[in-house]
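Asks: Turn these sequences into a full structure, and let the hints steer you where they fit.
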Amino acid sequence: MSIDRKQKKLSTATFASYLLLWDGHPNIMGVAMTNDEITEALTLSSLNIAIINSLNNITWASQSFLDLVNDKKELAQATNLLDATQTLFSDLAQEKLASAIASAKTKVIPCVCNNPSIKNVLVYLGDIVEEHRVVTIIPQSITNQIRNNDEVDPLTGLGNRKMFERVLSSDFSIDKTAIIMIDLDHFKRINDTLGHVVGDKLLKLVSNRFVKLIRPNDNFIRLGGDEFVVIINDNVQLSRLKSLAQRFVVAASKTFVIQSQQINIGASVGIAVSDSSYKHSDELYRHADLALYESKQLGRSRLSVFNVELEQRAQYRRAIEIGLRRGLVKKEFSVLFIPQIDVITNDLSGFEAVLKWRSQELGLVEPQKFIPIAEDIGEINTIGQWSLEQAIQQAKSWPSHFTLSFSITLIQILEDDFFAFLTMLVEKHTFEASNLEIMLSEQTLMEQKAHKNIKTLAASGFKIALDDPIARYESLRHLSTLPISRMRVHQDFAGHDDIIKDKTIKSIMDIGQMLGIPVVAQGINNKADFWQLKKHGFPDLQGFFTNTPLSVEEANALVSNTQK
Amino acid sequence: MNETTSNTRLIYVSANCIDSELLDKEIDAILSVAREHNKKNNITGALLFNSGYFAQVLEGPEEAVEMLFERIQEDERHEGCVVLSCEEISKYSFSEWSMAYEGGDSEAKTHFSHLIKHSKSTGEVLSANEVFSVLFEHINQ
Chain P
1 MSIDRKQKKL STATFASYLL LWDGHPNIMG VAMTNDEITE ALTLSSLNIA
51 IINSLNNITW ASQSFLDLVN DKKELAQATN LLDATQTLFS DLAQEKLASA
101 IASAKTKVIP CVCNNPSIKN VLVYLGDIVE EHRVVTIIPQ SITNQIRNND
151 EVDPLTGLGN RKMFERVLSS DFSIDKTAII MIDLDHFKRI NDTLGHVVGD
201 KLLKLVSNRF VKLIRPNDNF IRLGGDEFVV IINDNVQLSR LKSLAQRFVV
251 AASKTFVIQS QQINIGASVG IAVSDSSYKH SDELYRHADL ALYESKQLGR
301 SRLSVFNVEL EQRAQYRRAI EIGLRRGLVK KEFSVLFIPQ IDVITNDLSG
351 FEAVLKWRSQ ELGLVEPQKF IPIAEDIGEI NTIGQWSLEQ AIQQAKSWPS
401 HFTLSFSITL IQILEDDFFA FLTMLVEKHT FEASNLEIML SEQTLMEQKA
451 HKNIKTLAAS GFKIALDDPI ARYESLRHLS TLPISRMRVH QDFAGHDDII
501 KDKTIKSIMD IGQMLGIPVV AQGINNKADF WQLKKHGFPD LQGFFTNTPL
551 SVEEANALVS NTQK
Chain F
1 MNETTSNTRL IYVSANCIDS ELLDKEIDAI LSVAREHNKK NNITGALLFN
51 SGYFAQVLEG PEEAVEMLFE RIQEDERHEG CVVLSCEEIS KYSFSEWSMA
101 YEGGDSEAKT HFSHLIKHSK STGEVLSANE VFSVLFEHIN Q
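Chains as they are written, first to last, in my numbering: chain P, 1 to 564; chain F, 1 to 141.
Worth flagging that the hints you see were computed from the coordinates, not collected in a lab.
A virtual CB, placed ideally from N, CA and C, is assigned to each residue, including glycine.
One or more of the hints may lead you astray.
[Said to hold, decoys possible] Computed spacing ranges between beta-carbons, pair by pair: (1) P:E554 / F:N41: 49 to 55 angstroms; (2) P:T106 / F:N129: 56 to 62 angstroms; (3) P:S485 / F:L31: 55 to 61 angstroms; (4) F:S113 / P:T193: 35 to 41 angstroms; (5) P:K242 / F:E26: 38 to 44 angstroms; (6) P:R488 / F:V33: 53 to 59 angstroms; (7) F:E26 / P:N561: 56 to 62 angstroms; (8) F:N129 / P:D416: 47 to 53 angstroms; (9) F:Y92 / P:D67: 22 to 28 angstroms; (10) P:G363 / F:C17: 56 to 62 angstroms; (11) F:S51 / P:T106: 56 to 62 angstroms; (12) F:L23 / P:K279: 55 to 61 angstroms; (13) F:K39 / P:V129: 39 to 45 angstroms; (14) F:K39 / P:V559: 56 to 62 angstroms.
Replies: Here it is as structure tokens:
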């Protein structure tokens, strides 16, 4: 395209000045970009932007601009702006535009379009810089509420964070304002697997779908990334807000097609409606965000409305977060020891060290409540390291055959310097590594990334224990209470090591025997192998499934063969 | 902007939402809008209808097909749109047609009804290849 080639002739300085005009900074969306990247971003943007020279001829235009004024036909080289907009604008609008162009100053002109799907637009004419100026056509249906050009999100044409801040601070009204927050589900995955070009395209398509659901007077804004917000300022009933939110969810859930690829995502939505209890708009925004978080917690692709309980939960969590950060300094933590008894000798054989937190503000807080939060806010390592040292300090004076058990979370074990820390600790306190038993959850065990560190610990003499096995396997928990008639054990259950495999199968057989549930094997190729397995240690094995699936014919043949 | 854009073939099925007494009129309207739009945008394709379901094949420049599919999904005359396939193609299969139509009492419609019935009874997703060949064979014969 001729315009395309022309744009490359623009100097960096010239282009940067356009961008200075554009949003006040030589960057887009806060990211510093090279000249080519800026050009590409502007080209891909759904904004209708063109650059004109001193003769008012177009020297560069975004694809959206070309589509708008020229119905997909190419612009002839250096078309005059007024010629390009001839068919788009009404005669009156053309006159207004002509007189605005004559002025060298920034102008924003409302124009009426002949195109029935757009109707009203604002035409923005920038200052003249190096004999060029920016022209942007902003459809009013999207941007009724956009006051300035620097309130436009270049990718989607929606309002940006600047507009969000302006609207929330100036138009907020306790009896009229509602906020709807929308977040795309697993958007990051799209960006990571299909790339940013597809990701950006998806954001544009989603925005287009959303925009069609709102009214021109609603403030529709992309805050950044895949986060959208609608600010509604005219006292809309909650039932209508919910139905709008539901339509966002449905719109996002429909299939997208980008670069011949089918893409499916979803959207989670949170709603908050103001009332006389609100003192500040920020509170309403935070509440909408809490409702959005609730939607995500409940499994995404849904809407939630803010309620007091969400606030209470968030406040409690916040109090725990703050408390955790101060707890160590305030000496609120202590380490307790649970005795371990050897059933054969009936003697004390060691202790499990457990962490106790008595917060000044919250009272006694259960580890199940504060440990996950400590993990989230990155305090787990500090608190964990402190308590480990406390425990070891105590335990070193105990008999040398005592075991000190200590629970370590997945996050701790994944920490790069955890092993180094532990080694340092046992050396510092001259404590035998083999006397320390590291208790891991099943979740940790199932995390492939943790395996290397677990093996390193074991190789250095530390003992590894599994806490609460089969806790995660709901099915096993329910084995004794539900009418299960048979269990199938997989041959590939425990890798290729025969001894380990045998042991694993044996333990499942034991569970089956205790509960009176027959066990069959999977993945055995013939009867001979099965009998071998049965003879060698698994006399209770009741039958097997082979590895090879059969066709209908083969299956039928097998049936008739057996019946002979 | 000026590179030769690649061409896409998109096949989808969806459930009809049009009342039976309005059916003929609406289908005519769909076809006339589709044909005009498609001609302008170098899109070809075929629509199959059996009173309960639509199946459509769209072929054209990637971007144009994407935009058209966005519009189609907004249309309230159908729902439950399922994309059966979407792939780059080197040549058009319905090049003579801005939007061919198989409905009424056509053989294609009967064939399509069988496919739908099979898909419903087995729970298997309708095969894109089968839908495509029903349309291709009946329209290009």
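Asks: Take the hints in turn and mark each one as holding or not.
Replies: We went through each hint and held it up to the structure:
| no. | hint | verdict |
| --- | --- | --- |
| 1 | P:E554 / F:N41: 49 to 55 angstroms | holds (52 angstroms) |
| 2 | P:T106 / F:N129: 56 to 62 angstroms | holds (57 angstroms) |
| 3 | P:S485 / F:L31: 55 to 61 angstroms | holds (57 angstroms) |
| 4 | F:S113 / P:T193: 35 to 41 angstroms | holds (38 angstroms) |
| 5 | P:K242 / F:E26: 38 to 44 angstroms | violated (31 angstroms) |
| 6 | P:R488 / F:V33: 53 to 59 angstroms | holds (56 angstroms) |
| 7 | F:E26 / P:N561: 56 to 62 angstroms | holds (59 angstroms) |
| 8 | F:N129 / P:D416: 47 to 53 angstroms | holds (51 angstroms) |
| 9 | F:Y92 / P:D67: 22 to 28 angstroms | holds (23 angstroms) |
| 10 | P:G363 / F:C17: 56 to 62 angstroms | holds (58 angstroms) |
| 11 | F:S51 / P:T106: 56 to 62 angstroms | holds (58 angstroms) |
| 12 | F:L23 / P:K279: 55 to 61 angstroms | holds (57 angstroms) |
| 13 | F:K39 / P:V129: 39 to 45 angstroms | holds (43 angstroms) |
| 14 | F:K39 / P:V559: 56 to 62 angstroms | holds (59 angstroms) |
In this structure, the one hint that does not hold is number 5.
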